[in-house]
Amino acid sequence: MPDKKPISRVNDFVVRFANVNGSGSASANEMFARAILRHGVPVSPRNIFPSNIQGLPTWYEVRVTEDGHLGARGGVDMMVAMNPQTWDKDVAGIEPGGYLFYDSTKPMPSTKFRDDITVIGVPLTAITNSTYTDPRQRQLFKNIIYLGSLSALLDMDPKLIEQLIGEQYKGKEKLLSSNVHALHLGRDWALQNLKCPIGLWVKKSDKVGDRIFIEGNSAAALGAVYGGATVCAWYPITPSSSVAEAFTSHCKKYRHDPETGKAKYAIVQGEDELASIGIVIGASWNGARAFTATSGPGISLMTEFIGLSYFAEIPAVIMNIQRAGPSTGMPTRTQQCDIIACAYASHGDTKHVLLFPEDPAEAFEFAAAAFDLAERLQTTIFLMLDLDIGMNHRLCRPLKWDDARQYDRGKVMTAEMLEEGRDFGRYLDVDGDGIPYRTYPGTHPTKGSYFTRGTSRDRYARYSEEGSVYADNMQRLVRKFETAQDLVPRPLQANAERPTKYGVIYFGSTSPAMDEAIGLLEARGHQLDRLRIRAFPFHSSVASFLAEHDFVYVVEQNRDSQLRQLIVNENGIDPVRLVPIVHYDGTPITARFIAKAIGDHQDHLKVTPLRKAVS
Amino acid sequence: MTYIAKPKFHHPGLKKNELGYTHRDYEGKISTLCAGCGHDSITASIIEACYELSIEPHRVAKISGIGCSSKTPDYFLGNSHGFNSVHGRMPSVLTGANLANRDLIYLGVSGDGDSASIGFGQFAHSIRRGVNMTYIVENNGVYGLTKGQFSATADRGSKSKKGVTNTDNAIDLVAIALQLGATFVARSFSGDKTQLVPLIAAAIRHKGASFIDVISPCIAFNNHAGSTKSFDYVREHNDAVNRLDVLVGRDPIAVDYAPGTVQLVEQHDGSNIALRKIDADYDPHDRLGAQTFLQKHAAKGQIVTGLLYVDPDAEDLHEHLNTVETPLNTLEADTLCPGSAVLDKINASLR
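Taken in sequence, the protein lines are chains P and F.
Residue numbers for the first sequence follow my numbering, beginning at 1 and rising by one.
Residue numbers for the second sequence follow my numbering, beginning at 1001 and rising by one.
Listed next, the in silico DSSO-like pairs over lysine-lysine satisfying Cα-Cα at most 30 Å (straight line): (1) LYS159(P) - LYS195(P); (2) LYS1015(F) - LYS447(P); (3) LYS4(P) - LYS596(P); (4) LYS203(P) - LYS1345(F); (5) LYS264(P) - LYS400(P); (6) LYS1207(F) - LYS262(P); (7) LYS252(P) - LYS1345(F); (8) LYS1008(F) - LYS447(P); (9) LYS447(P) - LYS411(P); (10) LYS264(P) - LYS1207(F); (11) LYS264(P) - LYS1345(F); (12) LYS1207(F) - LYS1193(F); (13) LYS170(P) - LYS1345(F); (14) LYS480(P) - LYS411(P); (15) LYS1016(F) - LYS447(P); (16) LYS262(P) - LYS1345(F); (17) LYS253(P) - LYS1345(F); (18) LYS204(P) - LYS1345(F); (19) LYS1345(F) - LYS207(P); (20) LYS1345(F) - LYS172(P); (21) LYS1006(F) - LYS447(P); (22) LYS447(P) - LYS1029(F).
One-sided and incomplete, this derived list gives chain F residues near chain P with beta-carbon spacing under 10 Å: (23) ASN1084; (24) ASN1347; (25) LEU1350.
In case anyone wonders, no lab produced these hints; they're calculated from the structure.
The beta carbon of each residue, even a glycine, is placed where N, CA and C say it ideally should be.
Could you build all of it, start to finish, from the sequences and the hints given here?
Printed below as a string of structure tokens:
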């Protein structure tokens, strides 16, 4: 018996699988997460993987959370330790009173265990080897066998797992039945030899509702399909590659002409990020909706073109799936570290529109909206995802589309308008919103052509190095950026129950951890109003929020508090009133971290009156 | 420049092409390049080729990078959209533009700095993808706009205006284009309009990646003794393998050529190229032979010009990607968006 009381919890615990990458564990682990969802219990899984294909450690963490806390929690209640390389660290990481599940085929010295945890050994290799002879089968089915054992230990309904296997191997009867067989091998062994269930229980509930389970990258790619993107150019880079790959597979399903079989899209894998953004800009200049997906290093390479997009006013959509930088950084770890790099990308005075989705559902919506915004504003729109949202399955509300919605193609002067004698100046601000009209190449035999260039020019696109002409254009670009403020998604504010002088600003993938942290902070007696920023340029409500609070915490996942810098810079406010709360070790931010950081700061702020202190 | 206005009036008797356009309708703004610049001759040749082909001027998209050569699209086809993009990046911008609307004619204008140095990769990849375009390099062996530094096409041993000898090996863009699968490859000389104009016309009519390397002496920085890109040097070492006539809508049989001197090439669009052979043994359908021929002559210091390779049945990127015939930029939500019913099914599959 462990010298600490075993953890006993229903639908609220963290299971972590330690595997070797390339061992086929990912699909079994994902099935574990999905099986819990089928019990009506929300889960939040996360892949923690190296920048490598085979042989290095990888982890899959499943937070089982009836309350629907989808952020990472921190800590592990049950470790499924399948990787000898990381054994010591994995065992050390288990919460006191937690559980260790391992392959007991080979005896382990007692020093390899801990006294304060429950150790559960299942002879996985022995079971596997006595059943299968093919080495690859042994490896793959071992994963399903541990899934079976876990189902018994956690009191899961095996029928729900069988159902998932049935869906996965539909039409492949042999694989289906052999997987079900493996599942029961593990389950039966556990039922016969172990005390089942343990203190961690999965109990059927109804907390999932109609929510869907999808990776942010796939949702963003689907947003591009729905948003009418026809040209995609990209260069492989983790963690963004799956955006283009998902776009390809969505297009294969939904974008072929039923009669001719021809493609209503063009996807080019560029030779590098420069070519990718070049293709996007060429296509957008010519009136197609085009995008690229990349990550930090790709953004660095694209910056010259991003400046061209800003200055020559050519639409572009860039999906930046952020990872830990600088340089190659930690390519498979998450951060929100490209805020400044994207907001002010390129040389000279530039500013760009950024969108910050919090989950796959918003990634879908904002991706589709990005194409409208890019064509309306005739500039680059960044969709700022990160690895945590992009590459993990996340429970989110179902994706929605209004069939009456038309694409906003922005201000495009047609041949008819030119024929009517409309005055066409490519950089002429006719409506006072800073947005000029453009024409597509080939519109009219004698009217509406212009020469696009990255050099300065006048309102009629004629080359000019006159200072006043240049400044006039730069001022119009400022007006255009002001117009953008009211077009981009607005911040969402949620106030504390009682009026408070304290606020917190956050964005993107921090959202679920922040929501959970608010509960923890309230329990400590701290009341905070929340503002979730969803886009840059900042809406005027950001300034109001700052004005209404004495101190505002800015929670983000980078070292230098980049969003805070942007807020200070753009709003011209006293930086002292903005308290940075930063998390940047490459793991997703947790509610525990936020609550502690803000809670500690709040405690410091509570000045004890002097008289009371000395008495 | 903004302050140089070009007069619009012209002689009433100016000849018109089939579409009723005169030569002047294919002109652009007044060139700001140096007087005598080879690039201006290429501009004139492009104007001539487009006029002769009776192309609607606005159906051409002119795309360039940065440099003297890349400024020239402002000086021809004034009713076309032009795009003076980023240094070395014309090929990617052109590729994207071409994907968006397959119905326009794409003319990429670049220089040797643009295509052989900073944009060498983009040059290579646009060729190997088979983008349907006419890619012209106005090759003078120097960086003109920054006043005379060697470019990567400068021959080893050639001298700069300041007397420095180039010690780096030269990149031959024609050889690279052949190796990468360009389906129309030519070299010409800005000082030889009779050769250049039909080459440009044939390249425009070609479907697939057409590449023309035009040696175009820089009058300001590379036209001295010791340069291998000067007017004198190129004239002395020009080894033309053929001269051609582009025959659009004319029965090639009706054209009077001496027997055995002409090779007819029917292009994909039905137009014909009549190649008047100068070198009797040169076969422009032999990619490998062309590469060997070029290297042998280069070793002798000769500059081989003419139509060096053509594959009249070439495919282009759109065929590789199997894209719809309708330009992608005209498609709207009704054909692009799968709609809410499909989305409901997708949602259901994600539970």
